[in-house]
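**Student:** Protein chains in written order, with the working numbering: chain A, 1 to 115; chain B, 116 to 775.
Fair warning: there could be bad hints in the mix.
Here are the computed lysine-lysine pairs in the BS3-like style, where the Cα-Cα straight-line distance is at most 25 Å [claimed, not checked]:
id : chain 1 : residue 1 : chain 2 : residue 2
1  : A       : K26       : B       : K208
2  : A       : K30       : B       : K357
3  : A       : K26       : B       : K140
4  : B       : K140      : A       : K30
5  : B       : K734      : A       : K26
6  : B       : K477      : A       : K26
7  : B       : K477      : B       : K406
8  : B       : K135      : A       : K30
9  : A       : K26       : B       : K454
10 : A       : K30       : B       : K196
11 : B       : K247      : A       : K30
12 : B       : K203      : B       : K151
13 : B       : K226      : B       : K140
14 : B       : K357      : A       : K26
15 : A       : K30       : B       : K389
16 : A       : K30       : B       : K151
17 : A       : K26       : B       : K181
18 : B       : K208      : B       : K151
19 : B       : K196      : B       : K246
20 : B       : K139      : A       : K26
21 : B       : K246      : B       : K181
22 : A       : K30       : B       : K139
23 : A       : K39       : B       : K435
Just so you know, these hints were derived from the structure itself, not from any lab.
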Amino acid sequence: DMLTYEYHIVYSSSYSVPVLYFNVYKADGKLLSLENIWKIVPDVYQQELQADKWSILTQQEHPLLGRPFYQLHPCHTEMMMKNIRTMLDKRCDYLISWISSVGPVVGLNLSLQYA
Amino acid sequence: MESLQFAPFSSGLDAGFWPKLSEKKLNEYALDESSKDISGFYYNGDIRNQNPILNVDYTCFDRLFKTPARSFISHGVLYLKNTIEGFKECDKKLLLEEKANQIWQDIKTGKAVEDPTLLSRFILLAYADLKKYHYYYWFAFPALIYNEHSADNYREQGLFMKFIMINVKLGKKLLTSFLNIYKKFQRNLTLNSIVNKFSKFSGVFFMVIIAFSFCDPCTLENHPGWPLRNFLLLIAYTWADKLETCNILCFRDKSRDGKREISHSLMLNVQLPKLDKETCPKCVGWEKNEKQKLGPRMVNLSATMDPSRLCASAVDLNLKLMRWRLLPDLDLDKISSTKCLLLGSGTLGCNVARCLMGWGVKNITLVDNSKVSYSNPVRQSLFIFQDCLNGGKAKAEAAANSMRQIFPGVNALGLSLSIPMPGHAITGIFYFSPAVLVQTKKDIETLEDLIDKHDAVFLLMDTRESRWLPTLLGAVKQKIVINAALGFDTYLVLRHGYKSDTGVDGTKIKLGEVIPGDQLGCYFCNDVVAPGDSTRDRSLDQQCTVTRPGISMIGSALAVELLMSVLQHPLGFNFFQIRGFLSRFSSVLPASHAFDKCTACSQIVMETYKKEGFEFLVKVFNEPSYLENLTGLTAMHEGTFDVEVWDLSDEEDFSNKEEL
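Please model the entire structure based on the sequences and the hints provided.
**Tutor:** Encoded structure:
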């Protein structure tokens, strides 16, 4: 059974951070349900996910396409990025550090080559 | 030489395709079943080891369709049928033959040589059930066949491996220099001329092998992808008299972790048999379904596309969020399954109904006997101006309709019903009318049935006496009864004590102690007179309930929240009675004991009703003093007067004094 993952990075002006929108669908175009999306989050993150399911992964209307998309909620992004950037060299690319931190939760793994 | 087998295409739709198709059907195509041109694409950079995919996404309808990066176009045609029968009975053989002919013509006329993308085609036969959001579809990837091809896989030969292993940059450089050299000799560089030139040579030229190459979406080790079938036919038709065999490069180009690789490409040497150039070859290509049989597929998208379901799941989500974040022990199922009966669809009724919907209550019945009047919509939140016209719609039904418009998933029922009241004689106006009696009996039976079938009853009427009968019935049937009443700037919300089977013991009253739930009183427990006709001789401002508009919202909100607290007991604090005073923005929470002489919920009244039923009720409605006599209130009054008399007398005789 083939699953297609589609990722969009959209800038949220209200949170002033990039937000990861994504969809997972089968070959007939049917979206995976929220319960199944939670199931495919890697084991490493499952504990945190169970504690606060609803505020991490939710379903929202895509700001441009107007269809339902799953979303990694941006409310913690700013805090997280501030912490990361103070630790590392400030010249490192914002997007690369951001994607490599939040992406793996939803299957978007960045190659080490980008480091 | 082994026979060549081709990996067939699998269809791949994206999540936006079906919504876009539905939109097109509704807004553009309507009943038009003619063929529509759409575009698909395939990609030769897959990293998995699986069959090739032909993708069709939501952009497929665009006239100026652009393939995504490093993808290749496939020209498709959509046949969208209006009925499931049309879909089933459509001549699929014919559709495939038509497409096969089209490809054959393109090959014969040489158009396919100039634009090889014409070889890559697909058919999509579909039917969309836009009520249930079920989509039936069947793809076909037409491929013309003549004979089995046979080919050698030359991958193992070192010479060819060298060519394939050259990295892309170098390969491009070589190609550019080769082309530059060639340009000196020939200005028009077409496939035809190249083949003509090089068919005279066999094998190696400038250490470069001439091969027909195509971008191969297949990643299997031993099979080329579907696009090769029509391509081979083109080669065989156009140049078979010049070439006996030809080299085919199945070019695969994947990137992983920033590294680009082409070494998994295949190099084949194919023998080209002679073709019958006149007859169009046979054609295959209908996609097998999930069960690997030749049949259509169906996808059910009601969960994500049906607006009513979307609404229901959004409302549900909202409530679950409340539970997740704030009240983990909240039993939402209990709340949504509680059946609520609202007696009165005025200001209180409308606001209570809306608040219940906010809590996810699914079954709400409204009862009222009047029509929407012009002054109503501003205060009664379920009515609009239209409801007032032509004499006004019946309030209960109008309210239920309005609720369905707000949330289609609510099970709202509106009933026009008159509730008989003590002090309002049920005779005709000027003479005794049996018809009125019969109707009243029916109304009472309806009310009894309603209270029976619901779990919670809200008393939201505009008179005191109309609450008498439902109070009695609610007590007898042991239902949750919540009473709300409004004054100009005061409100009262009260829940009736639950009548347990043991009955009220009047002697156990102790001031200052918490009253157990089954000994709490009701709306009438503090009355020492029976409810009577309060509507006679009233001036206009007394007839309409004139209140500060906010009072109704406060009262109804508290009534609903009280019910929720009761249902979630023992979580949270429950009150028996709240009396609020808007002039001071304050409220008190008094609690009172059940009264053993209560006109509505005392033992004697309940027993008499259970024994005599309708006859008892008729007496209550017709004779104002009947209830007072029955409960002993009359005796109590006389006792009071006696005390007054005794106070005035000089003698002291305590023998007749009663404890009050």
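**Student:** Any hints from earlier that this structure breaks? Give me their numbers in increasing order, please.
**Tutor:** 1, 2, 5, 6, 7, 9, 13, 14, 15, 21
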